[in-house]
Structure formats: C-alpha cells, structure tokens
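Undergrad: Residue numbers (the working numbering), protein chains in the order written: chain A, 64 to 615; chain B, 54 to 399.
Hints should not be assumed to be uniformly reliable.
[Said to hold, decoys possible] Pairs of lysine-lysine, DSS-like flavour, derived with a Cα cap of 25 Å:
(1) A:Lys265 x B:Lys143
(2) A:Lys170 x A:Lys73
(3) B:Lys326 x A:Lys230
(4) A:Lys160 x A:Lys170
(5) A:Lys455 x A:Lys432
(6) A:Lys591 x A:Lys73
[As the list claims (entries may be wrong)] Pulled from the structure, derived: some chain B residues nowhere near chain A, Cβ distances all over 12 Å:
(7) Gly94
(8) Arg194
(9) Asp197
(10) Glu298
(11) Arg339
Derived from the structure by calculation, the hints contain no laboratory data. Virtual Cβ for every residue (Gly too), placed ideally from N, Cα, C.
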Amino acid sequence: MDTITLFKAKKIITMNPRQPVADYVAVRDGIILGTGSLDSLAGWGDYEIDNQFADKVILPGFIEGHCHSWEGAAWEDTYVGFLDRTSPTREVHPGLKSIGSVVEKLKKANHTLTDPTTPVKGWGLDPIFFERRVTCADLDQISTTRPVVVIHQSGHIINVNSYVLDKAGIDGNTDVDGLVTDGHGELTGELMGIALYQTALKAIGMNSILDMGENAERSLWWFANSAQIAGVTTVTDLASELSPEMVTVQQSLAALDSYPIRVVPAFMGQMVPSNEGVEKMLNLKKQSTPKLQLGLVKLIVDGSIQGFTARLKTPGYYNGAPNGLWYVDPTELPSIIEAYHSAGLQIHIHTNGDEATEEALDAIEQVLKVHPDSDARFTLQHCQMAHDAHFKRMARLGVCANLFANHLYYWGDQHYETTMGPERAARMDAANSAGRLGVNYSIHSDAPVTHLSPLFTAWCGVNRRTYSGRILGEPECISVQEALHAVTLGAAFTLKLDSELGSIECGKRADFTILEDDPLTIDPMKLKDITVWGTVLDGRVFPVSEIGRNMN
Amino acid sequence: MKATSLHKSSKPPQVPMTIIGGFLGTGKTTLLNHVLSHSIGIRYGVMVNDFGSLAIDESLVAAHNGDTISFANGCVCCAMGDNLVASIDKLLASAHRPEHFLVEVSGVANPKALADVATLHPELSRDLIVTLVDAATVGERLSDPRLRDTIMMQLAPADLIVLNKCDLANEDQLQEIQHNLTAHHKGKLVRTINARLPDDVLSQKSLQPSQVHDGIESDTISNIKTSWTHDPEAQFHRATLDLPESMDSEVLTALLRKHQPTLLRAKGFVNNKMGQRVSIQLSGKRVDISPSHYSPPDTDTHNPEHETPAILVVIGLDSLDRFRDEVLGVNNMVDEGATRNQRNSV
Numbered sequence: 064m065d066t067i068t069l070f071k072a073k074k075i076i077t078m079n080p081r082q083p084v085a086d087y088v089a090v091r092d093g094i095i096l097g098t099g100s101l102d103s104l105a106g107w108g109d110y111e112i113d114n115q116f117a118d119k120v121i122l123p124g125f126i127e128g129h130c131h132s133w134e135g136a137a138w139e140d141t142y143v144g145f146l147d148r149t150s151p152t153r154e155v156h157p158g159l160k161s162i163g164s165v166v167e168k169l170k171k172a173n174h175t176l177t178d179p180t181t182p183v184k185g186w187g188l189d190p191i192f193f194e195r196r197v198t199c200a201d202l203d204q205i206s207t208t209r210p211v212v213v214i215h216q217s218g219h220i221i222n223v224n225s226y227v228l229d230k231a232g233i234d235g236n237t238d239v240d241g242l243v244t245d246g247h248g249e250l251t252g253e254l255m256g257i258a259l260y261q262t263a264l265k266a267i268g269m270n271s272i273l274d275m276g277e278n279a280e281r282s283l284w285w286f287a288n289s290a291q292i293a294g295v296t297t298v299t300d301l302a303s304e305l306s307p308e309m310v311t312v313q314q315s316l317a318a319l320d321s322y323p324i325r326v327v328p329a330f331m332g333q334m335v336p337s338n339e340g341v342e343k344m345l346n347l348k349k350q351s352t353p354k355l356q357l358g359l360v361k362l363i364v365d366g367s368i369q370g371f372t373a374r375l376k377t378p379g380y381y382n383g384a385p386n387g388l389w390y391v392d393p394t395e396l397p398s399i400i401e402a403y404h405s406a407g408l409q410i411h412i413h414t415n416g417d418e419a420t421e422e423a424l425d426a427i428e429q430v431l432k433v434h435p436d437s438d439a440r441f442t443l444q445h446c447q448m449a450h451d452a453h454f455k456r457m458a459r460l461g462v463c464a465n466l467f468a469n470h471l472y473y474w475g476d477q478h479y480e481t482t483m484g485p486e487r488a489a490r491m492d493a494a495n496s497a498g499r500l501g502v503n504y505s506i507h508s509d510a511p512v513t514h515l516s517p518l519f520t521a522w523c524g525v526n527r528r529t530y531s532g533r534i535l536g537e538p539e540c541i542s543v544q545e546a547l548h549a550v551t552l553g554a555a556f557t558l559k560l561d562s563e564l565g566s567i568e569c570g571k572r573a574d575f576t577i578l579e580d581d582p583l584t585i586d587p588m589k590l591k592d593i594t595v596w597g598t599v600l601d602g603r604v605f606p607v608s609e610i611g612r613n614m615n
Numbered sequence: 054m055k056a057t058s059l060h061k062s063s064k065p066p067q068v069p070m071t072i073i074g075g076f077l078g079t080g081k082t083t084l085l086n087h088v089l090s091h092s093i094g095i096r097y098g099v100m101v102n103d104f105g106s107l108a109i110d111e112s113l114v115a116a117h118n119g120d121t122i123s124f125a126n127g128c129v130c131c132a133m134g135d136n137l138v139a140s141i142d143k144l145l146a147s148a149h150r151p152e153h154f155l156v157e158v159s160g161v162a163n164p165k166a167l168a169d170v171a172t173l174h175p176e177l178s179r180d181l182i183v184t185l186v187d188a189a190t191v192g193e194r195l196s197d198p199r200l201r202d203t204i205m206m207q208l209a210p211a212d213l214i215v216l217n218k219c220d221l222a223n224e225d226q227l228q229e230i231q232h233n234l235t236a237h238h239k240g241k242l243v244r245t246i247n248a249r250l251p252d253d254v255l256s257q258k259s260l261q262p263s264q265v266h267d268g269i270e271s272d273t274i275s276n277i278k279t280s281w282t283h284d285p286e287a288q289f290h291r292a293t294l295d296l297p298e299s300m301d302s303e304v305l306t307a308l309l310r311k312h313q314p315t316l317l318r319a320k321g322f323v324n325n326k327m328g329q330r331v332s333i334q335l336s337g338k339r340v341d342i343s344p345s346h347y348s349p350p351d352t353d354t355h356n357p358e359h360e361t362p363a364i365l366v367v368i369g370l371d372s373l374d375r376f377r378d379e380v381l382g383v384n385n386m387v388d389e390g391a392t393r394n395q396r397n398s399v
C-alpha cells in the first residue's frame with residue numbers, strides 16, 4: 064500500500080458542507096482519504112506530513128467548464144489583443160491599446176522570420192476597442208512581400224495585408240459577401256464568411272486557422288500549461304472534431320504522469336449525421352480514462368451576441384441590428400438531441416440569445432417526454448440572456464447552465480450601449496438568479512475567446528464590473544463562496560464528474576488548486592489578483608514555477 | 054472579374070457550381086437524385102452539407118464517374134468544420150475531375166455564402182443558386198418568427214425558387230404562397246412535384262444549341278400565366294436564336310444583362326469586337342465570356358472556329374418574346390440601348 068501523505072495548509076477550502084475548512088488533507092494513491100485535523104486523519108495509518116503548502120490555501124482543483132484546446136495553438140502566433148494576457152510560457156503580453164502598437168508588435172514578429180514565405184500571424188484583435196477598423200495600409204507596414212494575417216478575438220473575422228488579397232485574387236470588383244470596404248470603396252482587408260476566409264488561407268498555403276498540424280502535441284502542452292498557470296486541473300475542449308489522429312495525440316499525452324490536466328473534449332455533434340455521431344461517441348466513450356473523459360456531445364444553436372449572430376426574441380438587438388443566425392435548424396434540433404440522448408450520451412448546448420435558449424429548452428422538454436431521464440444534465444453553454452422564466456424551466460427539467468461571466472468585463476460596456484441596452488445587459492449571465500431558482504451552474508472563460516483564469520471568472524461573477532468600471536446588474540452578483548463553487552463542484556456537476564471531482568472529501572481524486580492567498584477573506588475586488596502557486600493532480604504536485612520542464 | 058483569355062485556351066474550362074438551398078424536407082436531396090438520374094454525359098461532383106433523412110443515391114453519382122463527398126458543417130464557425138475549398142480542390146485534382154459541381158447546403162445556411170466560394174475560385178464559375186420551398190409547410194414557416202428571416206435570407210439570393218410539393222396544396226394556397234414569395238423575386242419561381250425540374254435547368258452543359266436553327270425554334274407554351282401547371286417542362290420558355298451578323302459579344306452581353314430578370318440561362322457563340330468567336334453564357338445574374346474552344350494540351354483536334362454557328366439558346370420562366378425581338382430586331386436601337394445598359398451595369 065502506498066504511503067499516506069498529509070498535506071498541511073494554511074487553510075483548505077473543501078466545498079464539502081460537513082467540513083467546509085480544514086488544516087490537513089490526507090492523500091493515498093492519488094485519492095483523498097479525508098480532511099480535518101491531524102488527529103482525525105491519523106487513523107488511516109502511517110503517514111508523512113508534507114509542509115510545502117503550510118503557508119498556502121488549498122482549494123478543489125479548478126474546472127474550466129467551457130474552453131478550447133485552441134488556447135494552446137493560439138500561442139503559435141503573435142497575441143495582439145486589447146487586454147493583458149499571460150502565455151503558456153508565463154510571459155505577460157501587455158494589452159495593445161492602439162492600432163499603431165498592434166502594427167509595431169507584428170513588425171517585431173516579422174523580423175524574427177527567416178523564410179520569406181512564412182506568414183506573419185496575429186490573434187486576439189478586437190477592433191471594438193479602437194476608434195477605427197484595421198486596414199491593409201496598417202498591415203502593409205509590416206510586410207508587402209509576405210502574408211500578414213490577423214485573426215480577430217471572435218475567431219470569425221480576419222484582417223489580411225494587400226499581399227494576401229493579391230494572392231487570393233480578391234479585388235474591388237470581387238462580387239462576394241463579407242468583403243469590407245472603407246468609405247471610399249477601397250478594400251480594407253477585413254474578411255468575413257467561409258468563402259473569403261478559406262480562399263485567403265488557401266492563397267497562403269494554410270488549411271485552417273485551427274489546424275494544429277504537426278504542432279498538435281506542442282499546442283496541447285501549451286493548453287495544459289495555460290490551465291496550470293490558472294490553477295485549473297480539469298479542462299473541457301468544447302468542441303472538437305475528435306479526429307482519430309487528434310484522439311491518439313490526446314491519449315498519448317493523458318498517459319503521461321507529467322501531463323498536468325484532465326481533459327473533457329466534447330464532440331461537435333452536428334458535424335456529421337446523428338447516427339454516425341452516436342456510433343463514433345459510443346466507441347470513444349469506451350476508451351475514456353480518468354485523464355481523458357470521452358463521451359460528451361456539444362451542439363451549437365446560434366452565434367454570438369457581440370457578433371450580432373445570437374438569436375434574440377423580440378424586441379431584438381438594442382441598436383436595431385437584424386436577428387442573428389441559426390447554426391442548426393431549430394425544427395431539426397429535437398431529433399438531433401434525441402439521437403444522442405437516447406444513446407445515453409450527455410449533451411451540452413451552446414445558446415447565447417434568449418430565442419436560442421428557449422428553442423433548446425423546448426427541444427429538451429420534447430425529448431425528455433419520450434426518453435425520460437431525471438439525471439441527463441443537459442447543460443446550456445453561455446446561456447447569456449436567460450431570465451427567471453428560463454431558469455425556472457431549467458430547474459424543472461434538470462438542465463444546468465454554464466454562464467459566460469467573463470463577458471461582463473470584456474464586452475459588458477458594448478452590451479449596455481449597443482447590443483442589449485441597459486435593462487437586458489443587467490440580467491446577462493444571471494448567476495444569482497440561476498442559483499436562487501435551483502439551477503446548478505458554472506461560470507467560464509471560453510478561452511481563448513477570453514483569458515483562462517477561474518479566479519478572474521469568479522471575480523466577474525462576484526463583482527460584475529465592465530472594462531470601464533460599470534456594474535452590470537448588482538442583484539446578479541454572487542458571493543465568493545458561490546463563485547468558487549461554480550468553478551469547482553458546479554462545473555464538475557455539469558460534466559457528471561462530481562462524484563470524483565469538485566470537492567476535497569474522502570474518496571475523490573486528489574486534484575487541488577494551490578493559492579498564495581485566501582479568496583474567502585481577501586477583498587473581493589482583488590480575487591483575480593491572487594497568485595496561483597500551482598496545482599495537484601491525482602496527488603502529484605505541479606508548481607507553476609516549473610512549467611515547461613516536462614515538455615517535450 | 055476573373056481575367057479570361059479570349060484565345061484558344063490550354064486551361065480546362067471553369068467548372069460551374071450550382072448551389073441548392075432550402076430548409077430540411079423541402080426536397081433538396083430529391084432534386085439532386087432527380088438531376089443525377091436524368092442527366093446523361095455529365096460528370097458531377099456532388100457535395101452535401103445537409104444531413105437529412107434522405108441520402109444521396111451515390112450509385113447515381115458513380116454512374117456518371119463522379120464523386121460524392123459530405124462536408125461537415127462549416128457554417129457553425131469559419132474556423133471549424135471541413136475546409137470546403139480544400140475538398141473542392143481535391144475533386145478538381147482527381148482522375149474524375151467533375152464537369153459540374155452540385156452543392157446541397159445545410160437547411161439553415163445562406164446559399165450565397167457557398168456560391169461565393171465559386172466566385173472566388175479560379176477554376177470554378179458560379180452557377181445558379183436554387184432555393185427550394187415546401188408548398189405544404191412554407192406558409193406556416195413564413196408566419197413563424199423563428200424561421201421567417203432564415204427563409205427570406207435563403208430566397209433573397211436565389212436565381213430560381215422551386216416551389217416543391219405542389220401536390221400537397223390547393224391552387225388558392227399556391228397562389229397565396231407564390232404571391233408572398235415572388236413579391237421581390239419576379240419571374241424566378243417554378244412549381245414542381247417531387248422536385249422534378251427539366252434536365253437543362255440545373256446544368257449549363259445540357260443546354261445545347263438545337264440542331265434546328267432556321268430562324269426561331271421555340272417550344273414555349275403560350276398563355277402559360279393564365280393557367281398554372283405543375284408540369285415543370287411547360288413552365289419554362291425556350292428559344293434558339295440565329296444571331297444577326299452585326300451582333301457582337303458586347304452587345305449581346307448588354308442585352309442579356311438587360312433581360313436578365315426574364316432569363317434563367319443562356320448559352321451561345323458570337324464574335325467579339327476583334328472578330329474572334331467566343332462562347333457566351335448567362336447563369337442567373339452572371340454573364341461569362343470564354344474562348345469558344347477548349348483544346349486539351351496534348352491534342353490539336355477541334356473544330357475550326359468558323360464552324361461554330363452564331364446562335365444563342367435561352368431558357369426562362371417568362372415570355373422570351375421581348376428579348377427575342379431585341380436580339381433579332383432593329384440593330385441601331387439595340388446598339389444604343391445595349392451600350393447604355395452595359396454602362397449602367399459596370
């Protein structure tokens with residue numbers, strides 16, 4: 064029998080209501096034996112005391128219930144976003160506050176390239192914060208002899224330089240949608256939509272902006288490092304095509320003791336006919352391991368609010384923009400849900416606008432009448448515009464919510480001023496109502512759309528401050544305890560992993576987040592600034608300071 | 054505008070791409086299967102982005118030495134899903150290079166977004182956008198606020214609206230639907246049952262100049278608008294016109310553009326300003342001019358240009374009389390009007 068380790072901490076916040084705080088946690092063979100005092104744990108047998116966390120605070124390992132493995136791959140390219148961001152190699156990239164500074168940073172990236180055909184690639188651009196859009200003239204300052212491609216924060220729009228437009232044969236006479244022109248009819252190099260996007264990428268020899276290609280392993284290490292830096296022990300990858308090649312790489316990483324995260328990828332269920340998807344996922348589910356949980360299915364119903372592609376009920380967008388797009392035929396949604404649900408697969412559904420949320424709830428209700436299941440744990444991902452009526456229905460149907468709390472800070476001002484207007488902006492990501500009305504909820508980052516940091520996400524849920532400092536809907540603020548629950552046990556519940564993860568109590572896996580400060584006693588406005596010392600996964604210690612050491 | 058050399062080309066001709074849109078259950082796959090089983094001598098590349106209950110009969114595609122591929126829903130996110138352009142390139146480079154692409158898009162997709170792929174691709178030409186609606190359900194769907202804007206989005210770019218399943222509605226209902234649908238789409242709608250369209254509607258290649266071209270040969274049925282029919286054949290008007298010697302490609306282009314609302318397709322041969330014989334095609338709103346002959350690189354066997362007669366085959370959903378009169382009519386007047394129109398359309 065393995066040795067019992069007793070980790071001593073300044074404080075252990077357990078999420079176990081019968082033992083909310085403790086001084087010691089006993090771990091054997093990666094499993095928690097219990098928390099409490101030395102006396103209460105001594106009965107388990109011989110132990111060794113580990114004092115390395117004696118001045119630190121231990122929490123259940125954070126669970127990021129909605130992010131993407133693209134968080135790792137993104138760092139292959141140059142970050143040009145508006146807000147500060149920490150790379151997986153722990154470099155802090157200060158936010159770029161002007162188009163000029165975006166250009167300067169990409170110029171530096173250009174100087175490091177030796178092959179004259181290699182594209183300069185940036186990501187994270189968010190022109191919503193600038194007084195004007197980025198143009199070819201801006202990007203031509205970086206290079207006119209090699210491709211320059213900058214992907215926006217949303218992932219749906221790219222800016223290119225003149226070189227790419229020429230290569231792709233796109234000019235002012237090209238008669239396609241999504242080609243942005245300036246006030247004088249000149250192309251700005253901003254491209255929207257699948258046709259322009261893929262044509263531009265093909266012109267410079269790229270297949271997909273998300274294609275990790277031969278860098279898959281490094282990208283997935285970086286994904287893990289980003290998580291570890293943020294104190295996360297379990298990540299979702301929502302969603303993935305789960306190609307056999309990608310599953311193989313993920314399996315080989317999960318098999319390494321040195322790989323510091325548990326991964327829960329979700330299969331993009333509407334990419335193939337449902338019967339094929341069901342067969343694929345039932346096969347993959349059998350291959351699940353504790354560090355690679357396979358079987359989750361994701362469906363996407365609508366687009367995004369700031370992109371005006373979310374489906375809204377009357378009265379629609381505050382600025383009068385037309386209603387958004389269905390990403391799945393709403394009349395077809397029940398049959399897709401039925402196929403996966405009746406096969407015993409769990410489904411998470413992306414809905415941003417309230418019309419999409421209602422449509423998903425209608426479909427779920429319809430399917431549950433035929434295939435009753437009081438523990439299906441359908442989860443509405445983002446679910447940003449849900450109000451009390453929706454949460455009440457969700458509670459009755461056993462549907463969980465994973466709310467996009469980071470949005471409140473990142474785009475809260477735009478929601479207040481442009482997309483939703485003051486009243487509806489105040490009810491966005493209404494965590495307090497969700498909890499009050501009996502809905503199990505989590506909160507998330509959608510990284511790399513916003514940065515991966517459950518402490519920051521918790522800060523958003525607690526304080527509901529926008530970038531400009533406005534408080535959006537104070538009644539929807541949650542307590543720090545509730546926010547920490549949301550990013551641990553709340554998220555575990557949405558993934559049906561709460562019997563082994565999410566709290567520090569006997570029988571669960573020894574996944575911990577190690578913090579330098581106590582989030583329950585610190586000023587709630589400083590919650591996001593607490594230093595993450597590292598994590599523990601299956602009893603194995605992963606200090607942030609050693610990141611990169613185990614990478615291939 | 055794609056640069057097109059008007060000399061004999063060693064490049065293979067552009068492959069037309071037809072986009073078929075419409076909600077689930079409107080008959081997109083039925084239409085595809087119908088086309089595949091009725092067209093002879095065309096190698097189709099069929100791409101399917103919709104996962105309805107009815108499958109494409111792949112044996113029909115194979116019978117034409119063509120290929121079928123399903124591509125994953127790329128509309129979900131620009132960065133996810135299969136790369137449509139890469140899939141097209143794969144088929145273009147295959148031993149069975151398609152002569153025509155048929156793309157069935159997802160039930161909520163904007164078909165224009167996919168047609169743009171063809172516009173941008175140097176080896177493709179954008180062919181018709183065909184949007185199907187289901188006569189039995191479209192009324193209800195149009196009054197459903199969840200669905201109405203999506204249907205209108207699919208109708209807006211359509212070159213041809215196929216009102217399918219007309220056997221499931223009575224004449225009054227059909228008239229009302231048609232009134233709703235065609236308010237902004239005059240002359241574009243055809244009624245069908247089982248999505249049975251005439252063979253020459255979906256493919257430019259099958260629109261061949263008739264062997265008979267003494268003056269005008271037309272199988273147009275008269276008085277068609279006063280008595281609607283579900284016979285799709287009878288709803289189309291066709292004409293084969295011998296072009297006057299004075300007609301050149303610029304004038305003809307202008308005339309085609311001017312009459313575009315009444316025309317669905319046209320294909321013909323005429324001289325350009327330099328006296329070279331060129332092929333001229335209209336599909337929906339687009340007019341393309343290309344060399345009249347394609348010479349495979351290794352052969353030198355083609356008909357001399359002067360052997361191709363100056364003729365035009367046209368097909369439309371409305372009377373072609375006015376178009377015919379202008380093409381064959383008073384040359385001076387045509388020239389003047391055509392020049393003005395051409396300028397307007399640039």
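Undergrad: Is it the case that B:Glu298 keeps its Cβ farther than 12 Å from each residue Cβ in chain A?
TA: 32 Å, holds
Undergrad: Given the hinted pair A:Lys591 and A:Lys73, is their Cα-Cα distance within 25 Å?
TA: 20 Å, holds
Undergrad: Holds or violated: is the Cβ of B:Gly94 farther than 12 Å from all Cβ atoms of chain A?
TA: Label holds. Min Cβ-Cβ 30 Å, cutoff 12 Å.
Undergrad: Straight-line Cα separation of A:Lys160 and A:Lys170 no greater than 25 Å?
TA: 16 Å, holds
Undergrad: Measure nothing beyond the straight line between the CA atoms of A:Lys170 and A:Lys73; if it is 25 Å or shorter, mark the hint as holding.
TA: 47 Å, violated
Undergrad: Report holds if the minimum CB distance from B:Asp197 to chain A is greater than 12 Å, and violated otherwise.
TA: B:Asp197 not clear of chain A: closest Cβ-Cβ about 9 Å, inside 12 Å.
Undergrad: Does B:Lys143 lie within 25 Å of A:Lys265 when you go C-alpha to C-alpha?
TA: 13 Å, holds
Undergrad: Could you grab the alpha-carbon distance between B:Lys326 and A:Lys230 and see if it respects the 25 Å cut-off?
TA: Violated - the C-alpha atoms of A:Lys230 and B:Lys326 are around 31 Å apart, more than 25 Å.
Undergrad: For a C-alpha distance cap of 25 Å, please report whether A:Lys455 and A:Lys432 respect it.
TA: 18 Å, holds
Undergrad: Does B:Arg339 clear chain A by more than 12 Å, comparing its Cβ with all Cβ atoms of that chain?
TA: For B:Arg339, whose nearest Cβ neighbour in chain A is about 8 Å away, the distance does not exceed 12 Å, so it is violated.
Undergrad: Per the stated criterion, does the least C-beta distance between B:Arg194 and chain A lie above 12 Å, as a non-interface residue requires?
TA: Non-interface label on B:Arg194 violated, nearest chain A Cβ at 8 Å vs cutoff 12 Å.
In this structure, the earlier hints numbered 2, 3, 8, 9 and 11 are contradicted, and the remaining ones agree with it.
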